[in-house]
Amino acid sequence: MDKALYIAMSGAKHNMRAQTVHANNLANVNTTGFKADFARARSMPIYFGEGHPTRAYALEEIPATDFRQGPLVETGRDLDVAVEGDGFIAVQSPDGSEAYTRAGSLFIDALGMLRTGNGLPVLGNGGPIAIPAAEKVEISGDGSITVIALGQGVDAPVQVDRIKLVNPPTDTIQRGIDGLIHLLDDAQGELPADGNVRIISGFVEGSNVNAVNELTSVMSLARQYEMQVKIMQTVKEDSEASARLLQPAS
Amino acid sequence: MHAALYVSKTGLAAQDTKLTTVANNLANASTVGFKRDRAVFEDLLYQIQRQPGAQNTEDTQLPSGLQLGTGVRVVGTQKQFDYGSLQVTNQPLDVAIDGRGFFQILQPDGTIGYTRAGQFHLSNQGEIVDPTGLLLQPAITIPDNAESVTIGTDGTVSARIAGVAAPAILGNIQTVDFVNPAGLQAIGGNLFLETAASGNPIQGIPGQNGLGQVEQGMLENSNVDIVEEMVNMITTQRAYEMNSKIVSTADQMLQFVTQNL
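For the record, the sequence lines run as chains A and B.
For the first sequence, full-length UniProt numbering gives the first residue as 1, with consecutive numbering after it.
For the second sequence, full-length UniProt numbering gives the first residue as 1, with consecutive numbering after it.
Check each hint, because a few of them may be wrong.
Said to hold, decoys possible - Covered stretches of chain B, going by a simulated chain A footprint (3 or more residues, C-beta under 8 Å):
| no. | region |
| --- | --- |
| 1 | 43-50 |
| 2 | 226-239 |
| 3 | 244-257 |
Keep in mind that the hints were calculated from the coordinates and are not lab data.
For glycine and all other residues, C-beta sits at the position ideal for the given N, C-alpha and C.
Just need the whole structure built from these sequences, with the hints factored in.
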């Protein structure tokens, strides 16, 4: 059999995988704080020994996540925060380690703990943040949380904690399988808080998925896929022709 | 089968749920004391096809991996407890809470439901009841010879009795607050139930300890912002269309291979 069949098959298979990446981006076109993944195909030459170096398989991979800012959406809710520019909000992932997110739709649970929309505790200066029962909670641009306690006047605001904001270089972080941002190298431990990261309260960050890009990629991948299948078809016809030629004349 | 099919299926399902939330908000745009919901989206788990940093050969590492996302889901609907605008009705038994707090309503099973819809009526016994006939707690009975009823900002209910100079105090409307009102369970009929997520009700006198004052002759409108909901509806519809486009593309890819090979 001609190896072209296998090469076209790997091309088609990896087209399908890339399709999944774009489908996931588009499925999250409305997800708060979502960052789109890039998809890229790389050629994997498998030329060993003597012969003509023509065999190169395609290999699909996600080289990086697009960390650009998504659009800010005004909600007017005090506990909605969006990171302006670079940076992340530190949260405690279920295994207890520190992880980072930009999905800042926060709420206060029954015990007064500040959590993200999916229930992870938000980290402050010294671990998870507890907020006392309050009439009003304000989150300022540097992450400081000020409350007006129950029964106190507006002239008695109290600062309770400060949300830990970090700003790691994007080449040291990656998205983990839980959708949160983790350090590439776990041995680095926890990032120090960065005083320059700004957040804005009353807004959430929308998804940064560019729907037109994604749809165009999907169309183009579908056509590439059809070309790969066409090659498989051609190889099949070739091998049928050679099988016919080799048949004894009747 | 094609993974993209399932991924975009989650997109379709999530947009569908969001549209239901938007539709419910819009349907209740005129419901007294209604609090709007917001669907919270989260990306699903990622599957590692190729681990970044794994050994490619003995001496080289893969510079980047292939982690395929599996789509999106709605993790929950968040009740938004910001206040609706107050509307003056001049009805003596219309009461709005200006600030934090909930009225307590005795349900048929003996438990207490909580509401911000202060559209009260009198039963044939003279008791203050909600529009469905459930008793306000603590129970207050207005005598049938009362000429007018006044509800003070601290919840004191008094009535002027015919022929009596001093108004008679009939009782106090007490309100309750929760640490996390968003954790209350909505059961319809404008009522909410306490849950483990909301915390215990903290009872108090309106206007004290952070509870809002009660205002007679006013109602709290629904806090649904119609423009915001319409915009949500448009973005939801477009996201739905794009996900269905992926489903049809993935289907065409599978169709192409089955028909041509």
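Do the hints match the structure? See the list:
Remark: the region 43-50 of chain B is confirmed as covered by chain A, as 8 of its residues place a Cβ nearer than 8 Å to a Cβ of that chain, reaching the required three. For the region 226-239 of chain B, the stated coverage by chain A holds: 4 residues have a C-beta nearer than 8 Å to a C-beta of that chain, and at least 3 were required. Counting residues of the region 244-257 of chain B whose CB lies closer than 8 Å to any CB of chain A gives 8, so the stated coverage by that chain holds, three being the minimum.
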